[in-house]
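Spelled out from the first residue to the last, the chains are:
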Amino acid sequence: MKKNSKKSHAEGHSKGLSRRGFLRGAGLTTAGTVVFTTGVQAFEAHTQPAKGTSFGPGSIGIEMKVNGRMQSLTVEPRTTLATALRDHLSLTGTKVVCDRGSCSACTVFIDGKPVNACITMALDVGDREVITIEGIARNGELHPVQEAFIEHDASQCGYCTPGMVMSCVHLLENEENPSLEDVKAATRGNLCRCGTYPHVFKATLSAAEKMK
Amino acid sequence: MEKRKEIFPLGIPGHNLGEIEREIDNTEPPAWPINEELKEVGKRINRIDARAKVTGQAKYTSDMQLPGMLYAKFLRANVPHATIRSIDTSKAENLPGVHAVHIVRNTSEEGEASETFPGVKYVGQPLAGVAADTLDIAKEAVSLIEVNYDEKSFVIDLEDAMQPDAPLVFDAPMGAQVDGGDVGVVHEGDKGEGNLRGPSTSSFYGGPRGDVEQGFAEADVIVEQTYRTQVHTHMPLETHGVVIDWTSDEMLVYASTQNTANVRNELADYFDLPKSKVRVICDFMGGGFGAKHSAGSFGPMAATLSKKTGRPVWLMIDRKEEHLAEGNRPNSIQTLKIGARNDGTLTAIDQKSYGTAGVGLGAGVGRVAQVLYECPNFRTEQYDVLTHAGPGAAWRAPGNVQGAFGVEQAIDELAEKLSMDPLALRDKIDKSEVRRVERMRGAERFGWSQRKKAGSSQGTIKKGMGMAQSCWPRFVTLNSSVEVRVLNDGSVEIRSSVQDIGTGTKTVLAQVVAEELGLKTTDITVRIGDTLFPDGPGSGGSVVTGSITPPARNAAYEVKMKLFEQLAAKWETESGKLVARDGQILHIEDASKKIAFKEALRGMRTGQITATASRTNDYGGFQQPWGLAYGDLGSVQFAEVSVNTDTGFVKVDRIVAAHSCGRPLNIGQLESQINGGVIQGVSYALYENRVMDSSTGHFMNANAHQYKVPYSMEIPEIEIEIVEEYTASSSTDAYGIGEPANIATAVAIANAVYNAIGVRIYEIPITPARILKALNKVYE
Chain G
1 MKKNSKKSHA EGHSKGLSRR GFLRGAGLTT AGTVVFTTGV QAFEAHTQPA KGTSFGPGSI
61 GIEMKVNGRM QSLTVEPRTT LATALRDHLS LTGTKVVCDR GSCSACTVFI DGKPVNACIT
121 MALDVGDREV ITIEGIARNG ELHPVQEAFI EHDASQCGYC TPGMVMSCVH LLENEENPSL
181 EDVKAATRGN LCRCGTYPHV FKATLSAAEK MK
Chain Z
213 MEKRKEIFPL GIPGHNLGEI EREIDNTEPP AWPINEELKE VGKRINRIDA RAKVTGQAKY
273 TSDMQLPGML YAKFLRANVP HATIRSIDTS KAENLPGVHA VHIVRNTSEE GEASETFPGV
333 KYVGQPLAGV AADTLDIAKE AVSLIEVNYD EKSFVIDLED AMQPDAPLVF DAPMGAQVDG
393 GDVGVVHEGD KGEGNLRGPS TSSFYGGPRG DVEQGFAEAD VIVEQTYRTQ VHTHMPLETH
453 GVVIDWTSDE MLVYASTQNT ANVRNELADY FDLPKSKVRV ICDFMGGGFG AKHSAGSFGP
513 MAATLSKKTG RPVWLMIDRK EEHLAEGNRP NSIQTLKIGA RNDGTLTAID QKSYGTAGVG
573 LGAGVGRVAQ VLYECPNFRT EQYDVLTHAG PGAAWRAPGN VQGAFGVEQA IDELAEKLSM
633 DPLALRDKID KSEVRRVERM RGAERFGWSQ RKKAGSSQGT IKKGMGMAQS CWPRFVTLNS
693 SVEVRVLNDG SVEIRSSVQD IGTGTKTVLA QVVAEELGLK TTDITVRIGD TLFPDGPGSG
753 GSVVTGSITP PARNAAYEVK MKLFEQLAAK WETESGKLVA RDGQILHIED ASKKIAFKEA
813 LRGMRTGQIT ATASRTNDYG GFQQPWGLAY GDLGSVQFAE VSVNTDTGFV KVDRIVAAHS
873 CGRPLNIGQL ESQINGGVIQ GVSYALYENR VMDSSTGHFM NANAHQYKVP YSMEIPEIEI
933 EIVEEYTASS STDAYGIGEP ANIATAVAIA NAVYNAIGVR IYEIPITPAR ILKALNKVYE
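Line order of the protein sequences matches chains G and Z. If you're matching positions, the first sequence starts at 1 in my numbering and goes up one per residue. If you're matching positions, the second sequence starts at 213 in my numbering and goes up one per residue.
It should be emphasised that the hints constitute simulated quantities derived from the structure, not laboratory data. Every value quoted in this text rests on a predicted model; they were computed, and no experiment measured them. Quick reminder that beta carbons are idealized off the backbone N, C-alpha and C, glycines included. Relax, there's no trap hidden among the hints.
Heads up, simulated BS3-like pairs for lysine-lysine below, C-alpha to C-alpha not over 30 Å straight-line:
(1) 212(G) to 255(Z)
(2) 351(Z) to 65(G)
(3) 920(Z) to 113(G)
(4) 863(Z) to 202(G)
(5) 532(Z) to 113(G)
(6) 210(G) to 255(Z)
(7) 251(Z) to 202(G)
(8) 113(G) to 271(Z)
(9) 184(G) to 675(Z)
(10) 782(Z) to 251(Z)
(11) 532(Z) to 184(G)
(12) 184(G) to 271(Z)
(13) 251(Z) to 210(G)
(14) 271(Z) to 202(G)
(15) 184(G) to 674(Z)
(16) 863(Z) to 184(G)
(17) 202(G) to 920(Z)
(18) 184(G) to 255(Z)
(19) 489(Z) to 271(Z)
(20) 674(Z) to 202(G)
(21) 774(Z) to 251(Z)
(22) 202(G) to 675(Z)
(23) 210(G) to 732(Z)
(24) 564(Z) to 629(Z)
(25) 184(G) to 920(Z)
(26) 664(Z) to 640(Z)
(27) 65(G) to 271(Z)
(28) 863(Z) to 674(Z)
(29) 351(Z) to 532(Z)
(30) 202(G) to 255(Z)
(31) 202(G) to 732(Z)
(32) 519(Z) to 351(Z)
(33) 629(Z) to 674(Z)
Pairwise CB distance ranges, derived in the manner of DEER restraints:
(34) 188(G) to 429(Z): 48 to 58 Å
(35) 68(G) to 278(Z): 25 to 35 Å
(36) 210(G) to 416(Z): 44 to 54 Å
(37) 58(G) to 277(Z): 19 to 29 Å
(38) 659(Z) to 212(G): 30 to 40 Å
(39) 78(G) to 271(Z): 22 to 32 Å
(40) 277(Z) to 210(G): 34 to 44 Å
Here chain G stands alone, though its shape is the one from the complex (with noise of 0.2 Å):
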C-alpha cells in the first residue's frame, strides 16, 4: 500500500492538538516493546534488552500521557497497558476478548501506531503517548470515520468496534485513497463475531471520501 501524507484533514478536524502530530508520532523508543499492528505493518520487534532497573513485585506509581493527558497511576509491573487503561484509568472503550494479540479488540495508537493493548505492558509505555478510542472524537466531534461507521451500520453488538475503529482511523489517517483491498488489509486482524465486516468496509470507503 502506497503512503500518503495527510493534506487537510487532521488539521480541519481536530482543535488545539494537531491529529496528525499525535497520529504519525515518532516511532518507537522504549526498549524490550513487542508491537502487533492490525494490518499496516504486519509484525514489528524491538529486541534490545531492557536496560538495569527491575520492578515489583509490588506496585509502583508510572505516569502516562493519555489522550492528551497526563495521568499518574499506580500499577503492578505485570500489569496491561489494557488493564491500566480499563480498570485505572476506567478507559473501558479498549476491550479485552482475547487477551493474546489475536483479535485487536483492544487496538490503541502508541505514538501513532496501533498496537495490541492486551499485550503491552503499561510500564513498557514510557514517555510515548497512547490514545485509546476515548481520544478519537475531539471535543466532541467525531473523526469521519465514526461518523460512516454510524451512518452505514457497521456495528451490531459493537464490541468489537473500538477496535475496529481504529484500524480504519488509521489506514485513513495513513492512505488517502484505500481501495477495498486496502480496507481489508486495515482489518485483518480484527475479529468481528457478529460479521459486520460488509458494513465496515462501505463505512471506511465513504469516510475516505468524506475526508478527501
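On the provided structure of chain G, position chain Z as indicated by the hints.
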C-alpha cells in the same frame, strides 16, 4: 371486549399484494399501510446507540466498575472425569489481596448424594471461585488451589460413546438443561441406554406422518446418504459473566445476557429471594448467538462471593473458559433417505441422527426435514449421545442448521438424479409463496442461469454455483410487555426488560413508537434491558421483533388516545378527529386546531401519561395457542465458490441472500444481521471446529488464534434481497431475522463446491484436506 373491522395489507408487494379484512379488538391501533407509505418504519434509520458504540462510551457488563468492587475467577477441572477427594484452598486464602474463596458443593441433583463435591464430567467444569482486589491476584490465587482427583475413564468421541462398553457420563437420570438446544419436544434425560438418550421423534409440528416404507415403495428415485457436522462454539466477543452487588436490600446484577428476566428468575429461585429483590441490567451486550439465556454457574458464584465479602463482585470468564464451558453447537451424524417420483413429488423422508452436546442435551437436527417440503410420509429419530465434554447450548437456529446441511444437499442430489434444475424441483415441492418469490428474485440477482453442469469448470481453480433454502417458525413470546410514557415536556420513554443484543431492538422500538406518535426516531428515549421494567422476551428464536414491537405500538397508541381525549375536551371536539403527524397534533377537519406535540403535553394534569401493553394474540389466531404463528420465515441463499484443486482451498466469492421477515422495520439493521448470519455460515462450512484430544479430554484450540473464524480477508461479497411480506398478524406485522439468516448458508456452499468439482463433500468443515481427499489427491 369490543371488536371492530379493519382492512390490512396482505401479500408481497410487486407479486401478489392484496388486502384482508380482520376483526380486531378495539384496543388495537388502526392498520398500517405498507412500508412505502410510512415515515420511520421500514427505512434506513441509524442505530440510536451507534454513537456510544463508535466512541467507546457504551458500557457493557465487563466494563462495570462499582465502588469497592472485587474481581473473581473460577477454578476449573483439568481432567475430564473424576471424583474429587479433597480441595485445599489454604494457600489461596492466605495470598494478600484475596477476600473470599468459595468451593462448589454437590447439590445431589446428579444422583451422587454421598459426595461432598460434584463429580467432574468435563475439562473446564467450575469447581471453585476466588474474589480478590485485582484480576491478576484472583488468577494467581486460583493457581494455588490444590485439587486431589480420583480420575476415571472417559469418552470424548461421539461414536466411541455409543459403544456398549463406553464409560458412562451419567449413571443416574438427568434433567433437561435450561440452555439446551432445540430438538422439538425435548425428550426425558432418563430415556435411553448407556450414553444414548432419546430418540426424539416429534416436534411442535407433530409426530411422524404416513407410512415411510410404503412411500419408498412408490418412489422412482431414492437418495440416501450420511452427513456429518462438527461441534463449534459461540465465541461471543464479550464472554459470559456478571457483576453482582448483593446488599441487604437487594441483589443488583449486571449481566451479559440475552434474557434479563430469565437471569432474574433463576437467581431469585436459586437463592430463594422474591423476584422483586433481584434486579438484572443489561444495557449493552457483546454477542450471544444463543448461549446467553441463563445465569449459568457464574451468576450463583458471583452472588455468593458478593454475599461473603459484602462487596460488588466482577466475574467475567476468559476466552478459554468461554470455549470450554459456555456452550457449543452439537455435532451430528445424520442419515437421510428421500424418495421421489419422476416428476419430483416427494414420497418419503426418513431421518436418523446422533449428536453430542457433551454433558448436556439438545443435539437434535431440528425440523427442516419435517416441514420444509410437502411429503406425506415422514419419520425422524434424533438421539443425544452424552460425552465428557462441555455442554451444548442453543446456537442460532439450533438443530436446524445441522438438519438443513443434510436435507438441502439431498434435495440437490435428487434434482440431479431427476435431471431437474434445483430451483425447478423446489418450485414443485415447496408450497411457500414467499420462498417462490425469493428463488425468483434471488436467482435473477445471482445470475443462476450462468450455472454450469457439475464438474465442468476447467482449470486448476474451479468455479461453482449452488443454492439452498430454509424455514424457521414464526413464534412469539406472549409474556412480552412494554411501557410507553410521555412526559409533560413532550419527551417519550420506552421501558421493558427486553435487551438489545446487537440486533437493533432499541432502534426498532423507537421507530415503531415514533411512527405511532408522529415523531422522529431520535425523539424517543429507549430504556430497556432492566428488570425494573415490564418483562420482555428473551432474545432467542428470532422472537423479539415479533413479540415486543406490537405491544410497543399498542402502548404508544393508548398513550396517544389518552392525550387526544384531554386535547379534544379542551378543543371541544371528538378525540377520533385528531391525528399525530410530523411532530404535531392536528384536527382532520379544522385546520385552525393544530398544536405541536410538545406543546400539547404542557397542559397535562399529571407529569406523564403512561401505558403498558402486552403481546396480544395474532389477528388471525395462532397455529398453537402458546404463540406459534402461521407461516414461516423463509430464506433462499445462493453461493458462488472457487475451489483450488491443487491446494484444496475453498473460497466463497459471493452470496446472494433472499430473506423475508414480515414487515421489515429497519433495512440497515436487517442487512447487518443477514451479513452476520451468512458470515457465520461461511465459517461453519469452511473453518471453525472444536478440536478435542480424545486421549486427554482437552479442547485443543480453545483460544482466538487457533479457533479459525473468518476475518476481513475471508468475507465474500454479500448481496441481500429483502422480500416484504404482509400477513396481517399484529399491529406491526414484523418478525425477526436472526436465525433464518444462518440456516441455508453452509449447505448452499456445499452444493456450490459440488457444482465446482463434481464430487460431493458430506462433512463440514470443508477443509483443504477433505477437498484433496475427495479428489483422490491424498492417500490415507
